[in-house]
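**Q** As a plain string of letters, each chain reads:
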Amino acid sequence: MSAEETWIVLGASSPIGRAFARRVAAQGAHIVLAGRDVEDLQRTAADLRIASAASVEAAAFDAMDFASHADAAARWAERPGRVNAILLFGMMPEQREIDADPRLLIDCVGVTYTGALSILHHLAPHIEARKTGMIIGVGSVAGDRGRIKNYVYGSAKAGLHTYLAGLRNRLARAGAHVLTVKLGFADTAMTWGAPGVFLVASPDAVARACLKAARARRNVCYIPSFWFPIMLIIRSIPEWIFKRLSI
Amino acid sequence: MTAADNNPKRAGVIPDLKGQQPMRWKNFELKPWGRVCRAPTTAARPERLSEIAPIVRENHSNGLSVYAAGRSYGDSALNSNGQNCLSERLDRILAFDERTGVVDVEPGVNFRKLMNVFLPKGWLVPVSPGTSFATIGGAVAHDVHGKNHEREGSFGQHVSELDLVTANGVSHRIGPQSRADWFRATCGGCGLTGVITRVEFKMRRVPSAFVEAKEQRLENLDGFFAAFEAAKGASYSIGWIDALARGAALGRGILETAEPAAEAGFVWRKKHAASVPVDFPAMALNALSVKAFNSFYIGRVPKSGRQRLRAYEDFFYPLDAIEQWNRIYGRRGFHQFQCVVPYREGEKAIRRLLETITASQSASPLTVLKRLGPGRAGYLSFPMEGYTLALDFPNRAATEALYRALAGVTLEHGGRIYLAKDALLSAEAMPPMYPELGEFQRVLEEIDPDARFQSDMSRRLHLRARA
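Listed in order, the protein sequences are those of chains B and Z. Going by this note's numbering, the residue at position 206 of the first sequence is 206; the numbering climbs one at a time, nothing skipped. To get this note's numbering, take the position in the second sequence, counting from 1, and add 1000.
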């Protein structure tokens, strides 16, 4: 790493967040670990400080506490060097749980879509003003097409993808960059023991790929990359056939 | 020290679930390093401390067992048709005091991470097993020893404190001074007292990342015992024996001793690990190929011996240079036999064991002979003052009988078998080999009266009073 930088890890208790923080801390970045379980984040912060002597802050952050986002963004944006963020949080109840209790839909969309947009939209002006910086928005292959098994979560991620495209359009003018990651199956608590999961990528492999794509200033990428051809096929199935399938 | 140290929540009370989905369980098959045992299980994989208590409190039809890196050879971590708690994701270093070297870690932290983080700063683990992939939780649960056991004792003897979530889901802080009996049951207790969630121990300062290693060739067992006697004051010592050599050459091999090297610096070249990509065919390891390997291995060291600078990493973990080396034994896997026999019987017993082994001509390359000191931290700890012999046998029809014969010789000479390696011992051998088994069972009865923590090993060896 050449210049001083800060990475804000939104959803830092996730194993991908932990792996990502370890990677950028090893490169000398300052870290903000943002999430709800501050006690857990403090444990990760201690690990990062000892392993890499990085400056690390564990910050309480609740995606659904929209009123707190402006202050949080302003505070984090004062961190040293170029300020970057990676957005990792989301909430994925099983579709049948949502069908049984539609109130879950509010939480799913509230965290995965509204919460994500809210914090990014408060961070955006700060990054814009500095005329440099990077946002990695981690979406999902589930956002590429609505499927019977996962369409509420999928629609929230699809919305996030569209938002990220717009934000990329906006921040590019200021010299900042936005990367949209469409994540396949990663080996996290979200997929652990879930049916129909295959070829899971390790959290560290995902973190490494995210960082590599961001440094290469990719705009949109699938991680792992083999999801690109898979989703190309899934997206190209005509709707009149797709509606009969249950993939 | 971290802010977390001042948090009163850390001991006694487990905080509520925050920002996470309910724990899911996954059905699959767990295998230990020896790959003979296979256990269909339902496993949870917590990523945070707060998930442990709910996992422990679940209703377990056939008990719960903690599984860490899967580097034990036998069935100590397995729980067939029951449940497992995987500790691999609890992998953070929680605190480090640069003045004293006291470090505080989660149970899934492995020796590799500790080497990578602390050795460049001049700190080394006090005791290390033969693989860096073993975790600290596992090191406590088997009270592991290293090449410096004579001088430094077992791993558990360096632990000042640990947190244990017991069967009722409550976390307890225990150590050699507080709840000493619980601590003694936990060190070497094969995970049966509960889930270890934090371990505090002391690292030691070293002058460099290297040792000055001396190797000498020994022509037979008598030579070996004499050389061990002469090397008594060495910081580290380890012997490799050609377990196929018979007659006058019985017990020929190499003794390697080492001292911390001064002023060699803290930068070492990390070797890129090779990997065994597929299971070897069963016949790959036969008497001929092993004989050739052993001759080559011993022949590397000149007759006059040699001295060289070695990185701790290479010296401690020679087999880590080959990922998944367990695959060379093929799909059927292998058994590792490791025993210790007391000094007074040592020479006679080792000779008998080696004669039995060479007669079978089925031993693996790299048989290890070492001296152990008296240091042990728990009721079921392996070490005793004496000689320890360790070797692998491919899993074949005759292996079980050979293993039992060797265990019989061990028992006759007042020795014991290492539980971290074992999958074949029978329950009757436990009380004579482990005289403190009764104490262990009494404490277990107190900590976990409903036998919530169980394993294939605990059932096979009747480690609980009520099996």
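Simulated from the structure, these hints should not be mistaken for lab results. One or more hints might be untrue.
DSS-like mimics (lysine-lysine), calculated; alpha carbons at most 27 Å apart, straight line [unchecked claim]:
id, chain 1, residue 1, chain 2, residue 2
1, Z, K1113, Z, K1232
2, B, K212, Z, K1026
3, Z, K1270, Z, K1202
4, Z, K1271, B, K149
5, Z, K1291, Z, K1202
6, Z, K1271, Z, K1232
7, B, K212, Z, K1202
8, Z, K1271, B, K212
9, Z, K1270, Z, K1113
Just the calculated beta-carbon pair ranges, DEER-fashion [stated by the list, open to error]:
id, chain 1, residue 1, chain 2, residue 2, range
10, Z, G1175, B, L245, 36 to 42 Å
11, B, F198, Z, W1325, 55 to 61 Å
12, B, P102, Z, R1038, 41 to 47 Å
13, Z, R1246, B, F198, 48 to 54 Å
14, B, P102, Z, E1098, 51 to 57 Å
15, B, R103, Z, A1180, 29 to 35 Å
16, Z, E1029, B, G196, 46 to 52 Å
17, Z, S1275, B, R218, 47 to 53 Å
18, Z, N1059, B, R103, 26 to 32 Å
19, B, I233, Z, D1450, 33 to 39 Å
20, B, Y151, Z, E1029, 48 to 54 Å
21, B, K212, Z, S1275, 18 to 24 Å
22, B, G196, Z, A1284, 45 to 51 Å
As the structure is a prediction and not an experimental result, all values here were calculated from the model. Ideal Cβ positions, reconstructed from N, Cα and C, are used throughout, including at glycine.
**Q** Run every hint past the structure and note whether it holds.
**A** Hint check results:
1. Only pairs whose Cα atoms come within 27 Å are accepted, and Z:K1113 paired with Z:K1232 is rejected, the gap being roughly 31 Å.
2. Restraint check: the Cα-Cα separation between B:K212 and Z:K1026 comes to about 31 Å, which exceeds 27 Å; the hinted pair is violated.
3. Between Z:K1270 and Z:K1202 the CA atoms are separated by roughly 25 Å; this keeps the pair inside 27 Å, and the hint holds.
4. Restraint check for Z:K1271 and B:K149: the C-alpha separation of about 46 Å exceeds 27 Å, so the hint is violated.
5. A hinted pair counts as satisfied when its Cα atoms are at most 27 Å apart, and Z:K1291 with Z:K1202 does not qualify at roughly 42 Å.
6. Restraint check for Z:K1271 and Z:K1232: the C-alpha separation of about 31 Å exceeds 27 Å, so the hint is violated.
7. Restraint check for B:K212 and Z:K1202: not satisfied, since their Cα atoms lie roughly 37 Å apart, outside the 27 Å limit.
8. Between Z:K1271 and B:K212 the CA atoms are separated by roughly 24 Å; this keeps the pair inside 27 Å, and the hint holds.
9. The hinted pair formed by Z:K1270 and Z:K1113 meets the criterion: a straight-line CA distance of about 13 Å does not exceed 27 Å.
10. Checked against the hint of 36 to 42 Å, the pair Z:G1175 and B:L245 fails, with Cβ atoms roughly 59 Å apart.
11. Remark: the range hint 55 to 61 Å for B:F198 to Z:W1325 is contradicted by a beta-carbon distance near 28 Å.
12. For the pair B:P102 and Z:R1038, the beta carbons lie near 44 Å from each other, so the given range of 41 to 47 Å is met.
13. The hint said 48 to 54 Å for the Cβ distance between Z:R1246 and B:F198, and at roughly 52 Å that hint holds.
14. The hinted window of 51 to 57 Å between B:P102 and Z:E1098 holds, with their beta carbons roughly 54 Å apart.
15. Range check, B:R103 to Z:A1180: about 52 Å between beta-carbon atoms, so the 29 to 35 Å window is missed.
16. Taken as a hint, the range 46 to 52 Å is violated for the pair Z:E1029 and B:G196, whose Cβ atoms sit roughly 19 Å apart.
17. For the pair Z:S1275 and B:R218, the beta carbons lie near 30 Å from each other, so the given range of 47 to 53 Å is not met.
18. Distance hint for Z:N1059 and B:R103: a CB-CB separation of about 28 Å, consistent with the stated range 26 to 32 Å.
19. The given range of 33 to 39 Å is broken by B:I233 and Z:D1450, whose C-beta atoms sit roughly 52 Å from each other.
20. For B:Y151 paired with Z:E1029, a C-beta distance near 33 Å fails the hint of 48 to 54 Å.
21. Between B:K212 and Z:S1275, the C-beta spacing of about 23 Å keeps the proposed range 18 to 24 Å intact.
22. Distance hint check for B:G196 and Z:A1284: the Cβ-Cβ separation is about 37 Å, which falls outside the suggested range of 45 to 51 Å.
In the structure shown, a violation is registered for the earlier hints numbered 1, 2, 4, 5, 6, 7, 10, 11, 15, 16, 17, 19, 20, 22, in ascending order.
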